[in-house]
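Chemist: Each chain, written out:
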Amino acid sequence: QQQVKQSPQSLIVQKGGISIINCAYENTAFDYFPWYQQFPGKGPALLIAIRPDVSEKKEGRFTISFNKSAKQFSLHIMDSQPGDSATYFCAATIIHSGGYQKVTFGTGTKLQVIP
Amino acid sequence: DVKVTQSSRYLVKRTGEKVFLECVQDMDHENMFWYRQDPGLGLRLIYFSYDVKMKEKGDIPEGYSVSREKKERFSLILESASTNQTSMYLCASSPGTGAANTGELFFGEGSRLTVL
Numbered sequence: 123q124q125q126v127k128q129s130p131q132s133l134i135v136q137k138g139g140i141s142i143i144n145c146a147y148e149n150t151a152f153d154y155f156p157w158y159q160q161f162p163g164k165g166p167a168l169l170i171a172i173r174p175d176v177s178e179k180k181e182g183r184f185t186i187s188f189n190k191s192a193k194q195f196s197l198h199i200m201d202s203q204p205g206d207s208a209t210y211f212c213a214a215t216i217i218h219s220g221g222y223q224k225v226t227f228g229t230g231t232k233l234q235v236i237p
Numbered sequence: 049d050v051k052v053t054q055s056s057r058y059l060v061k062r063t064g065e066k067v068f069l070e071c072v073q074d075m076d077h078e079n080m081f082w083y084r085q086d087p088g089l090g091l092r093l094i095y096f097s098y099d100v101k102m103k104e105k106g107d108i109p110e111g112y113s114v115s116r117e118k119k120e121r122f123s124l125i126l127e128s129a130s131t132n133q134t135s136m137y138l139c140a141s142s143p144g145t146g147a148a149n150t151g152e153l154f155f156g157e158g159s160r161l162t163v164l
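From first to last, the protein sequence lines are chains G and R.
Take 123 as the starting number for the first sequence in this note's numbering and just add one per residue.
Take 49 as the starting number for the second sequence in this note's numbering and just add one per residue.
Derived by calculation from the structure, the hints in this document are not laboratory data.
Check each hint, because a few of them may be wrong.
[Claimed, not checked] Once the Cα atoms are required to be at most 30 Å apart in a straight line, the calculated DSS-like pairs of lysine-lysine come out as: (1) R/Lys119 x R/Lys101; (2) R/Lys101 x G/Lys179; (3) G/Lys127 x R/Lys105; (4) R/Lys66 x G/Lys164; (5) G/Lys232 x G/Lys190; (6) G/Lys164 x R/Lys61; (7) R/Lys66 x R/Lys103; (8) G/Lys224 x G/Lys193; (9) R/Lys61 x G/Lys179; (10) R/Lys101 x G/Lys232; (11) R/Lys118 x G/Lys137; (12) R/Lys103 x R/Lys119; (13) G/Lys164 x R/Lys105; (14) R/Lys101 x R/Lys51; (15) R/Lys66 x G/Lys127; (16) R/Lys119 x R/Lys61.
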């Protein structure tokens with residue numbers, strides 16, 4: 123049962139272009155939507171995250187757009203660079219009152235930025 | 049910086065062997081998690097623990113067990129390894145209650161297990 127659907131599976135973008143990765147979720151109980159970046163041989167690391175009461179969050183070249191009514195969110199990478207080449211995972215999180223969280227990940231997008 | 053250390057980066061085991069994957073975190077986090085990562089399937093939660101000696105099943109617990117005897121250490125156990133357990137295993141941790149819990153997971157670098 124795929125609760126977070128991510129597309130595309132892979133993406134090739136020219137240097138300087140815009141990379142766009144899309145995710146859709148089903149469970150309205152999710153209350154935190156992070157994006158993780160993973161380089162080969164490394165574990166995923168948090169890139170940027172948004173809460174559902176905000177429609178957009180920008181950190182440098184990375185922007186999350188969030189559409190609560192459509193239950194969709196996307197990552198935009200502006201001025202994409204070869205160093206951005208990595209696998210990107212969207213995720214949706216429920217943070218329980220007891221302090222632990224249940225994180226559901228998308229299937230990942232392998233981004234390649236070519237010079 | 050938070051450090052999550054997985055003791056074995058690469059393991060090769062035979063079908064039926066018992067396998068231990070060890071994970072240690074140095075930030076006094078309450079929560080620890082084990083995921084497996086497979087191409088096209090993303091990261092899937094196997095087990096998690098929110099306190100010492102506490103454990104909860106994730107989405108795919110079959111064939112696995114865990115142990116958390118100390119706060120900083122969370123072990124994943126494959127009682128009898130099978131070929132379909134060949135995968136990348138990722139350990140993660142996060143703070144518990146309070147302002148420190150932003151929902152962020154801190155991952156180790158992974159343990160790639162091959163079962164022959």
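Chemist: Next step is simple, just say for each hint if it's right about the structure.
Modeler: Results of checking the hints against the structure:
no., hint, result
1, R/Lys119 x R/Lys101, "holds (9 Å)"
2, R/Lys101 x G/Lys179, "violated (38 Å)"
3, G/Lys127 x R/Lys105, "holds (22 Å)"
4, R/Lys66 x G/Lys164, "holds (25 Å)"
5, G/Lys232 x G/Lys190, "holds (25 Å)"
6, G/Lys164 x R/Lys61, "holds (22 Å)"
7, R/Lys66 x R/Lys103, "holds (20 Å)"
8, G/Lys224 x G/Lys193, "holds (18 Å)"
9, R/Lys61 x G/Lys179, "violated (45 Å)"
10, R/Lys101 x G/Lys232, "violated (37 Å)"
11, R/Lys118 x G/Lys137, "violated (47 Å)"
12, R/Lys103 x R/Lys119, "holds (12 Å)"
13, G/Lys164 x R/Lys105, "holds (25 Å)"
14, R/Lys101 x R/Lys51, "holds (21 Å)"
15, R/Lys66 x G/Lys127, "violated (34 Å)"
16, R/Lys119 x R/Lys61, "holds (28 Å)"
The structure does not agree with the numbered hints 2, 9, 10, 11 and 15 stated previously, though it agrees with the rest.
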